[in-house]
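Novice: Next come the chains, spelled out residue by residue.
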Amino acid sequence: MVVEINGKAEEIPGSVVLDALNAKQIDPQMVAVELNDTLIERDHLGSTPLQPGDRLEFLFYMGGGR
Amino acid sequence: MNFTDEQITRYSRHILLPEVGGKGQKKIAQARILIVGAGGLGSPAALYLAAAGVGTLGLIDNDVVDLSNLQRQVIHHTPDVGRPKVVSAKEKIQALNPDVNVVLHEERFMAANALNLVRDYSVVIDGVDNFSAKFLINDACYFAEKPLVHGGILRFDGRVSTIIPKQSACYRCVFNGPPPPGLVASCQEAGVLGVLAGVIGTIQATDALKLILGIGRPLTDRMLDFDARNMRFREIPVKRNPRCPLCGAHPTVTELIDHEQATCELRPPVAAAHGNEP
Numbered sequence: 007m008v009v010e011i012n013g014k015a016e017e018i019p020g021s022v023v024l025d026a027l028n029a030k031q032i033d034p035q036m037v038a039v040e041l042n043d044t045l046i047e048r049d050h051l052g053s054t055p056l057q058p059g060d061r062l063e064f065l066f067y068m069g070g071g072r
Numbered sequence: 269m270n271f272t273d274e275q276i277t278r279y280s281r282h283i284l285l286p287e288v289g290g291k292g293q294k295k296i297a298q299a300r301i302l303i304v305g306a307g308g309l310g311s312p313a314a315l316y317l318a319a320a321g322v323g324t325l326g327l328i329d330n331d332v333v334d335l336s337n338l339q340r341q342v343i344h345h346t347p348d349v350g351r352p353k354v355v356s357a358k359e360k361i362q363a364l365n366p367d368v369n370v371v372l373h374e375e376r377f378m379a380a381n382a383l384n385l386v387r388d389y390s391v392v393i394d395g396v397d398n399f400s401a402k403f404l405i406n407d408a409c410y411f412a413e414k415p416l417v418h419g420g421i422l423r424f425d426g427r428v429s430t431i432i433p434k435q436s437a438c439y440r441c442v443f444n445g446p447p448p449p450g451l452v453a454s455c456q457e458a459g460v461l462g463v464l465a466g467v468i469g470t471i472q473a474t475d476a477l478k479l480i481l482g483i484g485r486p487l488t489d490r491m492l493d494f495d496a497r498n499m500r501f502r503e504i505p506v507k508r509n510p511r512c513p514l515c516g517a518h519p520t521v522t523e524l525i526d527h528e529q530a531t532c533e534l535r536p537p538v539a540a541a542h543g544n545e546p
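Protein sequence lines correspond, in order, to chains A and B. Each position in the first sequence, counted from 1, maps to that position plus 6 in our numbering. Each position in the second sequence, counted from 1, maps to that position plus 268 in our numbering.
Hints are not guaranteed to be accurate.
[Said to hold, decoys possible] Here are the computed lysine-lysine pairs in the DSS-like style, where the Cα-Cα straight-line distance is at most 30 Å:
{"hint": "1", "chain 1": "B", "residue 1": "507", "chain 2": "B", "residue 2": "434"}
{"hint": "2", "chain 1": "B", "residue 1": "291", "chain 2": "B", "residue 2": "360"}
{"hint": "3", "chain 1": "A", "residue 1": "30", "chain 2": "B", "residue 2": "360"}
{"hint": "4", "chain 1": "B", "residue 1": "294", "chain 2": "B", "residue 2": "507"}
{"hint": "5", "chain 1": "A", "residue 1": "14", "chain 2": "B", "residue 2": "360"}
{"hint": "6", "chain 1": "B", "residue 1": "434", "chain 2": "B", "residue 2": "478"}
[As the list claims (entries may be wrong)] Chain B residues, not near chain A, derived (Cβ > 10 Å throughout):
{"hint": "7", "residue": "290"}
{"hint": "8", "residue": "291"}
{"hint": "9", "residue": "337"}
{"hint": "10", "residue": "378"}
{"hint": "11", "residue": "425"}
{"hint": "12", "residue": "427"}
{"hint": "13", "residue": "444"}
{"hint": "14", "residue": "468"}
[To be verified] Residues from chain A shown here face chain B by an in silico Cβ test under 10 Å; the list is partial:
{"hint": "15", "residue": "17"}
{"hint": "16", "residue": "36"}
{"hint": "17", "residue": "37"}
{"hint": "18", "residue": "40"}
{"hint": "19", "residue": "48"}
{"hint": "20", "residue": "52"}
{"hint": "21", "residue": "53"}
{"hint": "22", "residue": "55"}
{"hint": "23", "residue": "57"}
{"hint": "24", "residue": "66"}
{"hint": "25", "residue": "67"}
{"hint": "26", "residue": "68"}
{"hint": "27", "residue": "69"}
{"hint": "28", "residue": "71"}
{"hint": "29", "residue": "72"}
Rather than coming from a laboratory, the hints here were simulated on the basis of the structure. In this text, a Cβ means the ideal position worked out from N, Cα and C, and glycines have one as well.
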């Protein structure tokens, strides 16, 4: 199905949020995930369903500054 | 307090702004801003806040200037290599604006001293380069109820977000805790386009000044992500998380902790999800 990932429409296989992470080869421990502006707890990534047109936001840790 | 003629001239472009005026400039002159880290983000933030006439600027850093810092840490100059960063920064601030009282804390920001450091200031700017310190700053500002302007930079990307404790989403509302150590590369390995520090540090200074002046809408409950490759800003809405380990309904973080970690990034080697393709 087509979902929006970080502002960009992408075709991803599967039916739950974790499938999108797997398709992008992203370790769930490396990101905070928002689905339609709501944060999804890491434990719920595998049980949260995705619908076509959903907006996913993968927020990577960004720790630099010095 | 009254401004001298020289000060009125110096701050005239502020005073001309109806939202600032003489009254606002006085607020700036009475403000106390703490900058944690006198490096990439801290450099532009300190310079602009000094230029703006912030009354007291606190600087925390226990490092010395390294040649590899000069590509982005614009407050330090070539002859400063080997000198303490806080000393080098103080000289530039005072050369730029002798009105500013610079308070030096030549120490590491740790659980043991964090709360006492933060308590003395009205706004805190995060200019550190590791998760351990970023979470510690977030937690200390929460416990001391001090507004925090968070920033991060990496490679070609940067992020800013403002946190008003108990009112807006905190760093832990989004990122529960520091990433697991095994997955991360070091800052030195990752690299950063130097100018990112200027873009992000200057936005941090902007929001800090707005907080002092009480004008506009701060960057709360959102993360502003900057992608320099595509020259794109994106705003990601975030919310207070009832399950936040710090500010949620049942907090598990109830005291300050030193997480043992000296890393600054956590991303897949290929920036697959970030839309960085041209």
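Novice: With reference to the structure, classify each hint as holding or not holding.
Specialist: Hints and how they fare:
Proposed proximity of residue 507 (chain B) and residue 434 (chain B) is supported: the alpha carbons are some 12 Å apart, at most 30 Å. A threshold of 30 Å between alpha carbons decides the hint, and for residue 291 (chain B) with residue 360 (chain B) the separation of about 27 Å falls inside it, so the pair holds. Under the criterion of a C-alpha separation no larger than 30 Å, the hint pairing residue 30 (chain A) with residue 360 (chain B) is inconsistent with the structure, at around 46 Å. At roughly 33 Å between alpha-carbon atoms, residue 294 (chain B) and residue 507 (chain B) are farther apart than 30 Å, so this suggested pair is violated.
Among the hinted pairs, residue 14 (chain A) with residue 360 (chain B) is inconsistent with the structure: their alpha-carbon atoms are about 43 Å apart, more than 30 Å. Restraint check: the Cα-Cα separation between residue 434 (chain B) and residue 478 (chain B) comes to about 19 Å, which is no more than 30 Å; the hinted pair holds. Listed as outside the interface, residue 290 (chain B) is consistent with that label: its C-beta sits roughly 34 Å from the nearest C-beta of chain A, beyond the 10 Å cut-off. Every Cβ of chain A is farther than 10 Å from the Cβ of residue 291 (chain B); the closest lies at roughly 33 Å, confirming the non-interface assignment.
Not every CB of chain A is more than 10 Å from the CB of residue 337 (chain B) (nearest about 8 Å), against its label as outside the interface. Even its closest Cβ contact with chain A, about 16 Å, leaves residue 378 (chain B) beyond 10 Å, as expected for a residue assigned away from the interface. Against chain A, the non-interface label of residue 425 (chain B) is violated: not every CB pair exceeds 10 Å, the least being about 6 Å. Distance check on residue 427 (chain B): its Cβ comes as close as 5 Å (rounded) to a Cβ of chain A, failing to clear the 10 Å threshold; non-interface status is violated.
At roughly 8 Å from the closest C-beta of chain A, the C-beta of residue 444 (chain B) falls inside 10 Å, breaking its exclusion from the interface. With 10 Å as the threshold on Cβ separation, the claim that residue 468 (chain B) sits away from chain A is violated: the shortest Cβ distance comes to roughly 8 Å. Because the closest C-beta pair between residue 17 (chain A) and chain B is about 14 Å apart, greater than 10 Å, the hint is violated. For residue 36 (chain A), the interface hint holds, since its Cβ comes within 10 Å of a Cβ in chain B; the closest pair sits about 5 Å apart.
For residue 37 (chain A), the interface hint holds, the least distance from its beta-carbon to any beta-carbon of chain B being 8 Å, beneath 10 Å. A distance limit of 10 Å between C-beta atoms decides the matter here; for residue 40 (chain A) the minimum to chain B is near 7 Å, and the interface restraint holds. The interface hint given for residue 48 (chain A) holds, since its Cβ lies 8 Å from the closest Cβ of chain B, which is under the 10 Å cut-off. Annotation: interface hint on residue 52 (chain A) violated; nearest CB of chain B at approximately 17 Å, more than 10 Å.
Here the hint on residue 53 (chain A) is broken, as its CB sits about 16 Å from the closest CB of chain B, past 10 Å. At a threshold of 10 Å, the smallest CB-CB gap from residue 55 (chain A) to chain B is about 20 Å, leaving the interface hint violated. Restraint check, residue 57 (chain A) versus chain B: the minimum CB separation of about 19 Å is more than 10 Å; hint violated. For residue 66 (chain A), the interface hint holds, since its Cβ comes within 10 Å of a Cβ in chain B; the closest pair sits about 5 Å apart.
Using the Cβ-Cβ criterion of 10 Å, the hint placing residue 67 (chain A) at the interface with chain B is satisfied: the shortest such distance is roughly 4 Å. About 4 Å separates the beta-carbon of residue 68 (chain A) from the nearest beta-carbon of chain B, less than 10 Å, and the hint is met. With a least beta-carbon distance of about 4 Å to chain B, the hint placing residue 69 (chain A) at the interface is held under the 10 Å criterion. Hint on residue 71 (chain A) holds. Least Cβ distance to chain B is approximately 4 Å, under the 10 Å limit.
A distance limit of 10 Å between C-beta atoms decides the matter here; for residue 72 (chain A) the minimum to chain B is near 3 Å, and the interface restraint holds.
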